[in-house]
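Asks: Sequences listed follow chains A and B, in order.
Number 120 in our numbering belongs to position 120 of the first sequence; there are no gaps in the numbering.
Numbers given in our numbering equal positions in the second sequence, counted from 1, plus 274.
No wet-lab data here; the hints were simulated from the structure.
You may find that some hints are simply not true.
[Said to hold, decoys possible] Taking lysine to any residue and the SDA-like style, the derived pairs with C-alpha atoms no more than 20 Å apart in a straight line are:
no., chain 1, residue 1, chain 2, residue 2
1, B, Lys465, B, Ser328
2, B, Lys539, A, Ala40
3, B, Lys668, A, Gly215
4, B, Lys668, A, Ala40
5, B, Lys668, A, Pro44
6, B, Lys668, A, Pro45
7, B, Lys539, A, Ser237
8, B, Lys585, A, Val111
9, B, Lys585, A, Ala40
10, B, Lys400, B, Ala463
11, B, Lys668, A, Ala134
[As the list claims (entries may be wrong)] Simulated DEER-style distance windows between Cβ atoms:
no., chain 1, residue 1, chain 2, residue 2, range
12, B, Ala608, A, Ala29, 51 to 59 Å
13, A, Thr117, B, Arg537, 39 to 47 Å
14, B, Asn541, A, Ala36, 56 to 64 Å
15, B, Thr679, A, Leu123, 24 to 32 Å
C-beta atoms are modelled at their ideal positions from N, C-alpha and C, and glycine is treated no differently.
As a plain string of letters, each chain reads:
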Amino acid sequence: MSLLSRFARNRLAVVGALALLLVLVMALAAPLLYPAGAFALVGPPTQPPGGTFPLGTDTLGRDVAAGIVWGARTSLIVSVAATLGAVVLGVLTGAFAGYYRGITDTAIMRVTEFFQTIPSFILAILLVAVLSPAVTSEILAIAVVSWPGIARLVRGEFASLGGREFVLATAGLGAGDARIVFRHILPNCASPLVAVGSLLVASAILFESGLSFLGLGDPNLMSWGLMISAGREVLRSAWWICTFPGIAILATVLSINLVGDGLNEAFNPGLRDR
Amino acid sequence: MTSSSRFLLGRRSLIAGAASVGLAGTADAQSPQRGGTMVMIVQPEPATLAAYLSVAGNIAPVTTQIYEGLVTYDWSLKPAPKLAKSWEIAPDGLSITFHLQDGVTFHNGAKFTSADVQYAFMQVLKKVHPRAPVVLADLTAVDTPDPLTAVFRLSHPAPYLMMSLSGYDAPILCKSVFENVDPAANPTANKPIGTGPFKFGSWERGQYIRLDRNPNYWQNGLPYLDRIIARFIADSSTRSAALETGEAHYAAFSAVNYSDVARLKANPMLDTTSKGYEMFSGISEIELNEHRPPFDKREVRQAIAYAIDRKFIIDNIQYGFGKPATGPISSTFAASGLYTDDVLRFDVPDRIAIANKLLDDAGLKRGEGGMRFATTLEVNSFGQQWQRQAEYLKQALAVIGIDLTLRSEDTGAWLRRVYTNYDYGMSEPFFSNLSDPVIGVQRQYVTNQIRKGVDFVNNTFYSNPEVDTLFTAGAQEIDPAKRAEIYHKIQKILVTDSPVIWLTEIQYVTVFNRKLHDATTGPLGTYSAFERTWIEH
Numbered sequence: 001m002s003l004l005s006r007f008a009r010n011r012l013a014v015v016g017a018l019a020l021l022l023v024l025v026m027a028l029a030a031p032l033l034y035p036a037g038a039f040a041l042v043g044p045p046t047q048p049p050g051g052t053f054p055l056g057t058d059t060l061g062r063d064v065a066a067g068i069v070w071g072a073r074t075s076l077i078v079s080v081a082a083t084l085g086a087v088v089l090g091v092l093t094g095a096f097a098g099y100y101r102g103i104t105d106t107a108i109m110r111v112t113e114f115f116q117t118i119p120s121f122i123l124a125i126l127l128v129a130v131l132s133p134a135v136t137s138e139i140l141a142i143a144v145v146s147w148p149g150i151a152r153l154v155r156g157e158f159a160s161l162g163g164r165e166f167v168l169a170t171a172g173l174g175a176g177d178a179r180i181v182f183r184h185i186l187p188n189c190a191s192p193l194v195a196v197g198s199l200l201v202a203s204a205i206l207f208e209s210g211l212s213f214l215g216l217g218d219p220n221l222m223s224w225g226l227m228i229s230a231g232r233e234v235l236r237s238a239w240w241i242c243t244f245p246g247i248a249i250l251a252t253v254l255s256i257n258l259v260g261d262g263l264n265e266a267f268n269p270g271l272r273d274r
Numbered sequence: 275m276t277s278s279s280r281f282l283l284g285r286r287s288l289i290a291g292a293a294s295v296g297l298a299g300t301a302d303a304q305s306p307q308r309g310g311t312m313v314m315i316v317q318p319e320p321a322t323l324a325a326y327l328s329v330a331g332n333i334a335p336v337t338t339q340i341y342e343g344l345v346t347y348d349w350s351l352k353p354a355p356k357l358a359k360s361w362e363i364a365p366d367g368l369s370i371t372f373h374l375q376d377g378v379t380f381h382n383g384a385k386f387t388s389a390d391v392q393y394a395f396m397q398v399l400k401k402v403h404p405r406a407p408v409v410l411a412d413l414t415a416v417d418t419p420d421p422l423t424a425v426f427r428l429s430h431p432a433p434y435l436m437m438s439l440s441g442y443d444a445p446i447l448c449k450s451v452f453e454n455v456d457p458a459a460n461p462t463a464n465k466p467i468g469t470g471p472f473k474f475g476s477w478e479r480g481q482y483i484r485l486d487r488n489p490n491y492w493q494n495g496l497p498y499l500d501r502i503i504a505r506f507i508a509d510s511s512t513r514s515a516a517l518e519t520g521e522a523h524y525a526a527f528s529a530v531n532y533s534d535v536a537r538l539k540a541n542p543m544l545d546t547t548s549k550g551y552e553m554f555s556g557i558s559e560i561e562l563n564e565h566r567p568p569f570d571k572r573e574v575r576q577a578i579a580y581a582i583d584r585k586f587i588i589d590n591i592q593y594g595f596g597k598p599a600t601g602p603i604s605s606t607f608a609a610s611g612l613y614t615d616d617v618l619r620f621d622v623p624d625r626i627a628i629a630n631k632l633l634d635d636a637g638l639k640r641g642e643g644g645m646r647f648a649t650t651l652e653v654n655s656f657g658q659q660w661q662r663q664a665e666y667l668k669q670a671l672a673v674i675g676i677d678l679t680l681r682s683e684d685t686g687a688w689l690r691r692v693y694t695n696y697d698y699g700m701s702e703p704f705f706s707n708l709s710d711p712v713i714g715v716q717r718q719y720v721t722n723q724i725r726k727g728v729d730f731v732n733n734t735f736y737s738n739p740e741v742d743t744l745f746t747a748g749a750q751e752i753d754p755a756k757r758a759e760i761y762h763k764i765q766k767i768l769v770t771d772s773p774v775i776w777l778t779e780i781q782y783v784t785v786f787n788r789k790l791h792d793a794t795t796g797p798l799g800t801y802s803a804f805e806r807t808w809i810e811h
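Only chain A is shown next, with the shape it has when bound in the complex (with noise of 0.2 Å):
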């Protein structure tokens, strides 16, 4: 059976991955949806949903629609590129713990253990707030909290890998360390890699949205963390203005966990049955 079939068998896999190509749309379409941006005055104050802004508009005349579209966008960047990041820095120092064992991973050990003792989101503030608030801060900051889980996966995969047959006869026969690694053990963690990292995506979009909620994120981009937080103070008298980008927070994140789970099931036929 191959993967997709396999996927296609979680029914809620698939809506969550019809949901996530929704928002990917929707941010890569944003330009051509709403071109003059996600921050121009285009109405009336206060509009609520239905009429010309079908979602409503917040309290300086913004179209909330606008940037729902346009914060998908900030949203899916900031957490592809800090995942990315998070999954290169993880899967290096992962698997030189793993490979190489010994004092090397004693010592990288021990750093992942000091980053995953310090409270991951008070950590991305402290980062943010030094770097100040931009989007290639945010994006450092998600990384450097998010990498410690990458490598320690990475470690565990290389470390149970590396003793086999297969790894042995390939040094055997005189391949390098750099072709054992990346030609050999690599690609047979891949599967885990990729649902763990899936999930990371999910857990950074959270992350965006709560350091745009705290006013950390970048002010020329629109997010939907921002949304909520400058829609919070008018919950009351229009609620339309942080309810549906929470709402799109929601969405997005709970489509990724199922798209995550979809993949792990996928890669791991045995996982469903048992």
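With chain A held as given, fit chain B onto it using these hints.
Replies: For chain B alone, coordinates are given in the frame of chain A:
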């Protein structure tokens, strides 16, 4: 102040859309009741009660109950008797003779005399008060010919000095308590001893400060209240809830979020007022760094002033609170005649067309994407409202072809960038005019206030010898009409030059329980004593 004139003032603020229905706190037909406890919200908790060392805004609501000044101020912003029952200013303006109230004692039992005035001004305030370098610079000596007379000797006429002698600006301290002690380390810093209507009771850190009625207060029969509790509530929605449940009676300055004010106003138990802030007069502004072209061109600065819809900011960002600013001096100074709106006005119907023409004339043609030039706006870090304003400014200036990038940093980094490193194009601070232009306005426009590393002074590099001369003349002119003329001239020149863009006059709101009466009795508002305040019980 009679109740009828207070009524008139109340009406004026109604017309300005400032005060809410009713004139609570003023003009009560009922007669005051003795006794009761008033709970006021002070936000945040003060770090110290040493009012002679710090002008932090959260200290004075407590300390002005305890410490009194030589004078207080009436609604026309004129000095009114307090510890001084009368005064004469010499015709040359070089001395002021204060005649002090008789029979005043400090809370520790010591008699109040001119020696206390001399000691407070010469040995404490002049040495350690943060505003002394400006306000008390010309005060050379305080003579005490007899126990009830204090004579201030000045090196230059200083009309602004009479505007800075309230219990908030210049608290009168007890000489015997301060003698032979370093004023910065006085043991009564956090349990102050003054002459005021309330005595310090206790301070439960993180919770409240208790003030008790001074039974020996020199104004017979006052105060009406038995006790004042200053409560500290960190969370803003809890503060609003405390007012709604009647647990707290009074919250001034920004203790209540503007977004909550409308809801609290609708509560039949509560009322609001915007009076009692006439001596603070905050103005929100955009500073433009003239060392960063094209801000060195006057046309460009004026174009920015034209491009901004101040009404939009007030209605949509400040929840309807505020007033468009016309220049460097707040309209609250209309009472003393110093304010004029006869300046270049930017709120004209064809303002966008004018702005575009000014930029065209300055040689800034529209390039790619319709933009003429790009710059950065430093976002004020004092709260959400400023970020919204920055987002609005970005949109408003894009209309005339200025491409803004917003940068938000924490307070320390922001202030360092704009007042020490001058590494900015535009910044959006707010300034308080305080009680006199010498104290609150001058600092931003005169050449000798270009002081690297000092926050909230001249960081635009604006330097105009004519303006410098006028400000010096204004600081020393004692004839009110001539003085007003000088400041009118300054406003005209500054608005035409637009070294900064004045946005809105910030309006603070006091929310209070309708059972509380006469809580706002003068322009100092919560920075003056509640000796006439009473509560229905």
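Asks: Determine for every hint whether it applies to the structure shown.
Replies: Against the structure, the hints come out as follows:
Proximity of Lys465(B) to Ser328(B) is assessed by CA-CA distance (about 15 Å); at most 20 Å being required, the pair is judged to hold. Using a Cα cut-off of 20 Å, the hinted pair Lys539(B) and Ala40(A) is violated, with the two alpha carbons roughly 32 Å apart. Restraint check for Lys668(B) and Gly215(A): the C-alpha separation of about 17 Å stays at or below 20 Å, so the hint holds. Distance check on the hinted pair: Lys668(B) and Ala40(A) sit about 9 Å apart at the alpha-carbon level, within 20 Å; holds.
Of the pairs offered as hints, the one joining Lys668(B) and Pro44(A) holds, with about 18 Å between alpha carbons and a cut-off of 20 Å not exceeded. Taken as a hint, the Lys668(B) and Pro45(A) pair is honoured in the structure, with Cα atoms around 17 Å apart against an allowance of 20 Å. Of the pairs offered as hints, the one joining Lys539(B) and Ser237(A) holds, with about 15 Å between alpha carbons and a cut-off of 20 Å not exceeded. Between Lys585(B) and Val111(A) the CA atoms are separated by roughly 55 Å; this puts the pair beyond 20 Å, and the hint is violated.
For the given pair, Lys585(B) sits about 18 Å from Ala40(A) by alpha-carbon distance, which is consistent with the 20 Å threshold. This hinted pair checks out: Lys400(B) and Ala463(B) have alpha carbons roughly 17 Å apart, not beyond 20 Å. Proximity of Lys668(B) to Ala134(A) is assessed by CA-CA distance (about 17 Å); at most 20 Å being required, the pair is judged to hold. At roughly 54 Å, the beta carbons of Ala608(B) and Ala29(A) sit within the given window of 51 to 59 Å.
Between Thr117(A) and Arg537(B) the C-beta distance comes to about 43 Å, which sits within the given range of 39 to 47 Å. Asn541(B) and Ala36(A) have their C-beta atoms about 40 Å apart, which leaves the hinted 56 to 64 Å range violated. Taking the beta carbon of each, Thr679(B) and Leu123(A) are about 27 Å apart, inside 24 to 32 Å as hinted.
Figure legend: structure checked against the earlier numbered hints; hints not met, in rising order: 2, 8, 14.
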